[in-house]
Structure formats: structure tokens, C-alpha cells
Amino acid sequence: MKVQFDHEFQSSLFLFLDNEFLYRGGGSGSPLSVNFAYYAETSDVPAGLGAFYCPQKQLVADGVPAAENQVYITNSSKVVDGWYEQCNDASKLLIVDHYEGRVILDTGHYGSPLIDTSMGVSGDFAQKDFNIYITNESEEQLFVENEFILASDQSTYFESISGLNLTRYLVPGVFISLNSSTNSPYGFGGEDDTKESPRLVCVADSNYGLDGILSLCRDLSQKSFPIVPFSEFPYGEFFHIKETGYAYTGLKDSLSTGEHGYIETSTTSKLFDRSSNKIPKNLRIGFIDLEVSNIRYPRKS
Amino acid sequence: MKRAGINRRQLKRTISKGLSYKFKKHITRKARTDVERAKTLMLAEFLNHSVTKEIKGGKNASNLSGTLGGYGNLFSFIGFDSTDRPIPPVQRILESHTKLISVTQVAKGDLAFEVVIDMPSRDNLAKAAPMPWAAARSWIIGIEQGLSGLGNFLVKPGGRSGGGIQVDGVIRGGRFKNTKYISEIINHLQSNLIRFLKT
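Protein chains in written order, with our numbering: chain A, 1 to 301; chain B, 1001 to 1199.
Hints in this document: simulated from the structure, not taken from any laboratory. Hints should not be assumed to be uniformly reliable.
Computed cross-link-like contacts, DSS-like style, restricted to lysine-lysine with a CA-CA straight-line distance of at most 25 Å [stated by the list, open to error]:
hint, chain 1, residue 1, chain 2, residue 2
1, B, LYS1198, B, LYS1099
2, B, LYS1030, B, LYS1198
3, B, LYS1108, B, LYS1025
4, B, LYS1127, A, LYS223
5, A, LYS195, B, LYS1127
6, A, LYS195, B, LYS1180
7, A, LYS242, A, LYS2
8, B, LYS1108, B, LYS1198
9, B, LYS1025, B, LYS1099
10, B, LYS1025, B, LYS1198
11, B, LYS1177, A, LYS195
12, B, LYS1099, B, LYS1030
13, B, LYS1022, B, LYS1012
14, A, LYS270, B, LYS1127
15, B, LYS1056, B, LYS1180
Partner residues are not named here, just some residues of chain B that face chain A (Cβ under 10 Å, in silico) [what the hints assert, rightly or not]:
hint, residue
16, ALA1136
17, GLN1145
18, GLY1151
This one's a predicted model, so the numbers in the text were calculated from it and none came from an experiment. Note that beta-carbon positions come from the ideal geometry of N, C-alpha and C, so glycine has one too.
Start from the sequences, fold in the hints, and give me the full structure.
Printed below as a string of C-alpha cells:
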């Protein structure tokens, strides 16, 4: 199926929120040295490629120059120790997956820890204070069927080293899901108002963090963001930056005359009165319900 | 010979001056009756709605609304305490916010009247129906836009609602099915009011 409006809407909201959290909320630190651990079994990576994961999960991509998407490879029999930039050339593929916090590289070109057991991959990357995930899971599925890894918890940090290739969420994090949407007539000629109601579930490890993210999101009301066409989406198949680095502000400017989503309301609430022990006591949970209006021509071919 | 002319404007003004008071009185009486009639129909629709009945039925109600595929009931799914009575606050808003505000003459000398009626707003209703575990969220909006089953999950067996289902590990496959509720009732109220006032 071709990309539909809801796909573009969700990914556009993702980019917008990521930028808001990072730059308006100051939600990231300076780049730090990050070590990537190799996992031989990774279902979504094609044969011939190796995946190296970092425990911090998501890496900051917005506002990072292309040249800084590089990793330092050591003790490989294939290449000399040194910095290697992201490369989309099939014969020496090396990409940084910012969403999963991993490096995917061609093991035939750069070497494999299966042969060079002491091979190391590291780099300087900034991590997010709040990771952002797009999910299809309902709220109850999110909390019951998933295991969260706390970024600040040293014991789970080391525990997580053993299963970074599994689908586990590193929190603090914000989970975006589309709740419902309706089209209502807006103008002549088939112009409609597509009202989307995305829900954000925030999982934080402190009241300070939760209050911060809820406050930031409440103030999104009456803001707008561009609907980014799929061809303009800055990330590639493995959530790597497609070309010459990515800055949301530049992307926003280039799409200033296109379709926009307008956030009409933003309602925040905190989860309270927890009578169950299912949700770990050290997690703080909040909800943000947005109502976003999109004026568009849905029946235009 | 002098010709007698009729000042139509003055005549209209004189006639309407006498009639407007009587008309206004009549229209006010009719509008009040119409509003009460529409309100009665709205309350009957609200109280007989399957969602209202199911929630009113408390922890032991069956899934009359079909929103949960016949499994469990909305009272427990939303996560109400067994002592909670979620319907009366909504009913009170529907009752108190449906009233005739004023009947005013549009312009002097004109026999046209503007009837202003207060109707329950979505925001007022939403505020009267908070989720038991997230105050800013409303269950009446959730019924229409999608309701999280988190309340169900947060209830201990035999605990808050008494009828809650403690989920262990995996959530059952079925999801909540959105259904038209309060917005449809308000739309019916509006169309009834227009219909009654026009006749």
C-alpha cells in the first residue's frame, strides 16, 4: 500500500515533537562517548550486515552535521583503527540508526566481532532525555506486555546489555499513537478538516521529568507543524539520516507553504490512584491528548 | 381636493408596537415549552442509551453497548470504584444547561424575534465525567474516540470496582469499539429544538 495521510501525519508529529523536546525543552546533553555492543542475531538486519547496539537507545539526529555521524572502529582485521563516516555505498555500508540507537555496517568490509573478537565500535553521540516512539500498542498493552529499561538505573543498565536487540523501550520516553480521526467538510471544492486525535503516553522516572514533559506538551496548543511528505522524510530505512545531515528548522522552512497540522487542544493528565503493583513504583506516567486539525483535500487524486 | 396618503412605515410601526408585546409573550411561552419538550426527549435518550444503562448497572452489568465485544462491562473497564456513580453528574449538566435564555426582538418595528437557548457543551460534559485514574481525561469523550482499558488493568480483583479483571502478562485480543454517544444526543437535541421552534 502506498503511503497514506495518517502515515505522514504520524511521522511529521514525531519530527515536530522530537525537535520541541530537544530544543525548546533542552532535552539532550552534549555528545558523549558511546560504546556499541555487537549482536549476531538481529532479525531486521539483512545477511552480510552486522548490528551494534548502545544501551542508551535513541541518539540525537536533529541538528547534527552529517560528518558527525561517524564511528570509531578498533581491532578489526579488515580496516585500520579510525573514524568511519556514515556511508550508503552498498559495498561499504555503514549507517547510524538513530531510532534504535545502533550502528549497522557491512561486516565483509569493516570486520565482524565473530572473527575479530576484540573488535570495538564506538562514537560520540548525544542521547535524548526523553526517547520518542511511534507505537500501535494500546496503553494497557504498552504497560502490561512490555519491559521498560530505566536509562538512569545502573542495575537495569547492565542488565540491558544482554538484550539490546530485543524490542524493549528505554524510558524516560514518550509513546505516540493515533487514537481516532474524522473528516468534516471545511470549504468548497472538497476541502475537509481532518481532525486527528493522537495520544501521547509519557513514562518518566521522576516527577520533575514528567511535569516538564507535560508542561511542554500542554503548551503545544495552537502551534502548527508541517506535514512532511514521505519523500522529504529525513530518515531512511534504518532510521539513518538520508543525506547531508538533518535539521528540523531547515525542513520546516522548506515546507512552510505546504500542508500543516494545527494543534487545537492539548490536554494533559497524570495517572494516579494506582491500586495495582503492575506498574513499577519508580515510574511516573502521564497522558497528553492532542486534537490536531488538518485542512486538506482528501479526495483529490 | 386634498389627497390622503398612508405612511406605510408608520402604520407598520404602530401595528407592530401593539403586537410585539403579545407576540413576544406568546413566543417566550412556546419556546419555553419547546425547550422543555426537547430536554425531556434528550434526557430520555440519554438514560435509555445502552452506554448509560451499562454504566448505571455498575460492576455486574453486562456489555449492553457492545463496545467490549460482550466481554466484561464498561463500569469495570473504565476502572470506576464500586461506590462511584458516574451518570448523575452528567445528567445534572444535561438538565441544568438546557434552558431558554432570552427572547428578544431583532429590530424595533420588526416582528422578528431572536431566541437564545443554552445547550450543554462538550467541555462541560467532559469535565463532569472524568476518568477515575486520569482526571483531565473524560470517559464520555473516550466512548466516542476510543477508550483505554488501562483502568481495567489498574483495578485489583475484588478491589476498586469489584468487577475488574486483573490482566496478567497478555491483554486479550479484542479492543474497545468506539460508539456514538453524547455528541449524537446533543445533535438530536439541537435538531429537535430547531424542529419544534419552527412549527
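Here is how each hint holds up against the structure:
Only pairs whose Cα atoms come within 25 Å are accepted, and LYS1198 of chain B paired with LYS1099 of chain B is accepted, the gap being roughly 17 Å. For a cut-off of 25 Å, the pair hint linking LYS1030 of chain B to LYS1198 of chain B stands: about 11 Å separates their Cα positions. Annotation: proposed proximity of LYS1108 of chain B to LYS1025 of chain B holds, straight-line Cα distance about 16 Å (limit 25 Å). Between LYS1127 of chain B and LYS223 of chain A the alpha-carbon distance is near 24 Å, which keeps this suggested pair within the 25 Å criterion.
Proposed proximity of LYS195 of chain A and LYS1127 of chain B is supported: the alpha carbons are some 21 Å apart, at most 25 Å. This hinted pair checks out: LYS195 of chain A and LYS1180 of chain B have alpha carbons roughly 16 Å apart, not beyond 25 Å. A threshold of 25 Å between alpha carbons decides the hint, and for LYS242 of chain A with LYS2 of chain A the separation of about 20 Å falls inside it, so the pair holds. Pair hint LYS1108 of chain B plus LYS1198 of chain B holds up; C-alpha atoms about 22 Å apart against a cutoff of 25 Å.
For a cut-off of 25 Å, the pair hint linking LYS1025 of chain B to LYS1099 of chain B stands: about 17 Å separates their Cα positions. Between LYS1025 of chain B and LYS1198 of chain B the alpha-carbon distance is near 17 Å, which keeps this suggested pair within the 25 Å criterion. The hinted pair formed by LYS1177 of chain B and LYS195 of chain A meets the criterion: a straight-line CA distance of about 19 Å does not exceed 25 Å. Simply put, LYS1099 of chain B and LYS1030 of chain B have alpha-carbon atoms about 13 Å apart, close enough for the 25 Å limit, and the pair holds.
Proximity of LYS1022 of chain B to LYS1012 of chain B is assessed by CA-CA distance (about 15 Å); at most 25 Å being required, the pair is judged to hold. Between LYS270 of chain A and LYS1127 of chain B the CA atoms are separated by roughly 15 Å; this keeps the pair inside 25 Å, and the hint holds. Of the pairs offered as hints, the one joining LYS1056 of chain B and LYS1180 of chain B holds, with about 18 Å between alpha carbons and a cut-off of 25 Å not exceeded. At its closest, the beta carbon of ALA1136 of chain B sits 3 Å from a beta carbon of chain A; the interface hint therefore holds under the 10 Å criterion.
A least Cβ separation of about 4 Å between GLN1145 of chain B and chain A falls short of the 10 Å threshold, and the interface hint therefore holds. Given the 10 Å rule on beta carbons, the hint for GLY1151 of chain B holds: about 9 Å separates it from the nearest Cβ of chain A.
Hint compliance for this structure: every hint is met.
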